[in-house]
Amino acid sequence: MRDVHASAPEGRGQLLRRVGVSTIRKPLSIQRKDRVVTLTATFRVAVDLPASRKGSDLSRNAELLAEVIDATALRPAASLESVCVGIATDLLSRHSYATEAEVDATAEYFLSRGISEGRQSLEDYLLVAQARAVRNGAEPPQIFRAIGAEAVGMTACPCAMETARTLLTEEFPLLNDPALAKLPIVSHNQRNRTRLTFELPPGADIEADAIIDAIESAQSSPTYAILKRRDEATVVINAHRNPKFVEDVVRDLLNEVLRRFPELPDAARVRVETTSEESIHKYDVSASHAATLGELRSTAA
Numbered sequence: 000m001r002d003v004h005a006s007a008p009e010g011r012g013q014l015l016r017r018v019g020v021s022t023i024r025k026p027l028s029i030q031r032k033d034r035v036v037t038l039t040a041t042f043r044v045a046v047d048l049p050a051s052r053k054g055s056d057l058s059r060n061a062e063l064l065a066e067v068i069d070a071t072a073l074r075p076a077a078s079l080e081s082v083c084v085g086i087a088t089d090l091l092s093r094h095s096y097a098t099e100a101e102v103d104a105t106a107e108y109f110l111s112r113g114i115s116e117g118r119q120s121l122e123d124y125l126l127v128a129q130a131r132a133v134r135n136g137a138e139p140p141q142i143f144r145a146i147g148a149e150a151v152g153m154t155a156c157p158c159a160m161e162t163a164r165t166l167l168t169e170e171f172p173l174l175n176d177p178a179l180a181k182l183p184i185v186s187h188n189q190r191n192r193t194r195l196t197f198e199l200p201p202g203a204d205i206e207a208d209a210i211i212d213a214i215e216s217a218q219s220s221p222t223y224a225i226l227k228r229r230d231e232a233t234v235v236i237n238a239h240r241n242p243k244f245v246e247d248v249v250r251d252l253l254n255e256v257l258r259r260f261p262e263l264p265d266a267a268r269v270r271v272e273t274t275s276e277e278s279i280h281k282y283d284v285s286a287s288h289a290a291t292l293g294e295l296r297s298t299a300a
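The sequence shown lines up with residues 0 to 300 when you count with numbering that gives the first Met the number 0.
Quick caveat, the hints were computed from the structure, so don't treat them as lab data.
Among the hints, a few may not be true.
Ranges of calculated distance between the beta carbons of each label pair, as one might list FRET restraints [said to hold, decoys possible]:
| id | residue 1 | residue 2 | range |
| --- | --- | --- | --- |
| 1 | V36 | H288 | 28 to 34 angstroms |
| 2 | D265 | T162 | 49 to 55 angstroms |
| 3 | G54 | R259 | 44 to 50 angstroms |
Yeah, the Cβ is synthetic: ideal placement off N, Cα and C, and Gly gets one too.
Can you build the whole structure from these sequences, using the hints too?
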């Protein structure tokens, strides 16, 4: 049977950087410190394609994914990013014509959270991971990997808050009392979605739970699935005591990274992306920043 994929392309061929399969959803077992969790993971896997070849052998990608995922049912994987690294490495073995392989994965993840110890629920987050394997002659492939998480919380606008304070003070002069200077004032809120990703050199590791904790500490307040009336008021008051622009979220999260992960090497690269879904505007606002830990430490010194 003629292998059409291996034939030469019509006309003048071009090297293609990424050819693969995407939106493949699989159940993935991960060994945590104290438990095994099952993630619903969505994968995108791809390799480069030389100019001399018409197509990539895509069925090999799907077969490899199935084999790796099935294996975790018997022996849970160490982490989402370790699975991505294994797949990227094996992709180069199965595609002899490829020099690069890339794997992206996202997964739903749940942690027990709550406004108080007595009001806990399983809150959903998103884990993200990426691995890239690069073939260097006869040497083992060079591996690049990244791990991160995304959390949804809330922000309260500090600008609207101060403007409202001025207007309300004109209407209610008692607010001029210095004792009320720190009283939270009304503002508009935003649902804030923040993602923190680490590109890690060999030997460096980080826990997904710690990434989520850092994100939530940088927002005005976490949000929760289950809140009674008093709980709702507590969340609103806490957020208005901690008003933030998206710029504040990015800067505060970068500072949290420096404080919470001192063991990470200077070569580790951090990326923060945050978006606040506006409540009084017909647009959203966003901010992002990327830097190595070494760069962040030098500017913080």
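A quick look at each hint next to the structure:
The beta-carbon spacing between V36 and H288, approximately 30 angstroms, falls within the hinted interval of 28 to 34 angstroms. Between D265 and T162 the C-beta distance comes to about 42 angstroms, which lies outside the given range of 49 to 55 angstroms. The hinted window of 44 to 50 angstroms between G54 and R259 holds, with their beta carbons roughly 46 angstroms apart.
Hint 2 alone, counting from the list given before, is not met by this structure.
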